[in-house]
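Q: What follows is the residue order along each chain.
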Amino acid sequence: MTKTNVLRSSTFRLALLYMLLSGGSVVILLGFIYWATAGYMDRQTDATIEAEIRGLAEQYRRRGLAGLSAIIAERVTRDPSGASVYLLADDDLSPVVGNLSRWPDAETTGEGWIDFRLRDWGQDKSEEHQARARTFLLHSNLRLLVGRDVRELEATRRLIVNALAWGLAITLALALGVGLTMSAGVTRRIDAINQTSREIMEGDLSRRVPTYGTGDDFDRLADNLNRMLERIEWLMESVRQVSDNIAHDLRTPLTRLRTKLELARGPNEKPAQVREAVDQAVEDAEELLSTFNALLRIARIESGSRRSAFRELDLSRLLRDVAEFYEPLASHKGQHLEVDAPHALSVDGDRDLLFQALANLVDNAVKYTPRDGRITLSATTQNAGPQVAVADTGPGIPAETREKVFQRFYRIDNSRTTPGSGLGLSLVQAVVQLHGARIAIEDNHPGLRAVLRFRASAG
Amino acid sequence: MRVLLIEDDQQVVSYLLKALREVGAVADHAADGKEGLFLAAGEPYDALIVDRMLPKLDGLAIIRTLRASGNETPVLILSALGEVDDRVEGLRAGGDDYLVKPFAFSELHARLEALLRRGSVSSPETRLHIADLEMDLLTRRVTRGGQEIQLQPREFRLLEFLMRHAGQVVTRTMLLENVWDYHFDPQTNVIDVHISRLRAKIDKDFDSPLLHTVRGAGYVLRDQD
Chain A
649 MTKTNVLRSS TFRLALLYML LSGGSVVILL GFIYWATAGY MDRQTDATIE
699 AEIRGLAEQY RRRGLAGLSA IIAERVTRDP SGASVYLLAD DDLSPVVGNL
749 SRWPDAETTG EGWIDFRLRD WGQDKSEEHQ ARARTFLLHS NLRLLVGRDV
799 RELEATRRLI VNALAWGLAI TLALALGVGL TMSAGVTRRI DAINQTSREI
849 MEGDLSRRVP TYGTGDDFDR LADNLNRMLE RIEWLMESVR QVSDNIAHDL
899 RTPLTRLRTK LELARGPNEK PAQVREAVDQ AVEDAEELLS TFNALLRIAR
949 IESGSRRSAF RELDLSRLLR DVAEFYEPLA SHKGQHLEVD APHALSVDGD
999 RDLLFQALAN LVDNAVKYTP RDGRITLSAT TQNAGPQVAV ADTGPGIPAE
1049 TREKVFQRFY RIDNSRTTPG SGLGLSLVQA VVQLHGARIA IEDNHPGLRA
1099 VLRFRASAG
Chain B
112 MRVLLIEDDQ QVVSYLLKAL REVGAVADHA ADGKEGLFLA AGEPYDALIV
162 DRMLPKLDGL AIIRTLRASG NETPVLILSA LGEVDDRVEG LRAGGDDYLV
212 KPFAFSELHA RLEALLRRGS VSSPETRLHI ADLEMDLLTR RVTRGGQEIQ
262 LQPREFRLLE FLMRHAGQVV TRTMLLENVW DYHFDPQTNV IDVHISRLRA
312 KIDKDFDSPL LHTVRGAGYV LRDQD
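Protein chains in written order, with the working numbering: chain A, 649 to 1107; chain B, 112 to 336.
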């Protein structure tokens, strides 16, 4: 037995895809957060530097070089922590005034933004500092550098990047974990179904898919599969039952037939006796043939191919014809046969088959109703559609066997003394189902009532 | 009676040929559709018995070809296909009657006789009679020996069918199809009860019975003399 590999299961692939998608969206989200926070801090730094420059430029414009030097010196002393960086240098980059000991190597000439490192800076001399500054070329070949120490900023930026990286890692790990767990669960449920179907294919039809009572979609799937299996098992059981019954029911007349033919073959039989035996043998063969024909007929009706012969017909008229056909037989047996079908009831159907079905029902009623009993045929319109009923005052059928009477060869009278093939009601049911109708066997208090409920005609 | 049997099943053929000769018919045989059509078109037969499924040429095709060429010989179709649709298809092709396999020879014989009779009755009759039993189809009156007999509508149709086939054996299936107009298979012999009712009306008070039961086959309306 091979269990499904979790890594190859479709749910795991789904989980993996889900992980990639959620990882991607987390990366986009975190990227935006990074851009929003770190970018904001960068812009803040630049804005501070610009503000400083505006102040210095104002002094320079008003008081010239001397003013600029004075204000730089003043600011340096006012900011001993060294958060701001100033340097005024001459042509060969020697510092004139400011808190930088020398011009940074990073940028020797020109104007613009530069990033550079500071050593032996601020209060914490042991660490290397990061700085960002803007450089200007003043006339008389002086150079000015105005900047900020951005060590704190860099630390915050690293913190943010770290936090974002961890966030991404945790998200991916969680997605993977959840995906694995989920797919393992789903794989287990599917494996259970696969396992059951394999066992059934190996021949154990009593196996059922386990359910967990959670009522989820897998439980519903399992329930449906189990119901399907029950239906299949029932069908197979009834097929077996039918073939058993066929074998049993046909063996008796075949044996009888053989006995008669063997007697006829006997050496001392007179011609008249031989003829008699052969006649009886022919009758037995006829009976066998009609049983086979009835079986074939039921099978053909059940296949549903006869729907092509459906025409619109009047059920009441059909019922009156059946009643007229059976009336002589009923009165011959001293029964009262009444028909109550005053209104036309239109249905789509096969008139020969419906006649046959109704005839079988009436035939049974006539067979089992005692002398002076009453057989009532009625055709009425109910809410759901036309309804035809055949009721008698015979012995009826016990409630517990009412479903069984539709099985092929089932006979209430197990001694099989009354004539009949045990196929009559099977045929009725096949015909009724072909017409999309339902048949119910009910208690007539006393007697039996067979009710055929049709759907309202579409036309 | 000269009959052509077009059938490819050798067992059915030998059985039918023997049985047909026993009832006094002259029977020819063709084992495939082509030979059958050739014989049927060339020889004057009283009736054709045609199997539906044949090698070389389908039974219905034979009938269609014959009818198209103006040949009106009565045709009895034999077939394993017994549904109403198949029957209708067979009769539409020009067949006169349809018999589903397996069948009893008595059934085939009765139907064959009916077909031969059908050929000879051309003018519409208004009166039918056998011995002293008379039926007026216009006034729907039935008398025997001048004495009026009251019949139910269905009994009238039953008697009419029997009288139209007087002297021939009529099977129960034939009665169901022609008098009741339903193709079905009654579980008990309800037909027998109908017949005995009719018999009570037309035979009971008279010396010579006209309606007889033929064991294993059906009924016949026949004058004893």
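Just so you know, these hints were derived from the structure itself, not from any lab.
Be aware that a few hints might be false.
[What the hints assert, rightly or not] Below, a sample of chain B positions facing chain A; criterion: calculated Cβ distance under 7 Å:
#1 Leu150
#2 Val195
#3 Pro213
#4 Ser217
#5 Phe272
#6 His276
#7 Asn289
#8 Tyr293
C-beta atoms are modelled at their ideal positions from N, C-alpha and C, and glycine is treated no differently.
Q: Would you mind marking each hint as holding or not holding in the structure?
A: Here is what the structure says about each hint:
1. Leu150: violated (31 Å)
2. Val195: holds (5 Å)
3. Pro213: Proline 213 (chain B) check passes; min Cβ-Cβ to chain A is 6 Å, inside 7 Å.
4. Ser217: violated (10 Å)
5. Phe272: For phenylalanine 272 (chain B), the interface hint is violated, since the closest Cβ of chain A sits about 15 Å away, which is over 7 Å.
6. His276: Cβ of histidine 276 (chain B) sits 21 Å from chain A, so the hint is violated.
7. Asn289: Constraint on asparagine 289 (chain B) not satisfied, violated at 14 Å.
8. Tyr293: With a closest approach of 5 Å, the tyrosine 293 (chain B) hint holds.
Taken one by one, the earlier hints fail for this structure at numbers 1, 4, 5, 6 and 7, listed in ascending order.
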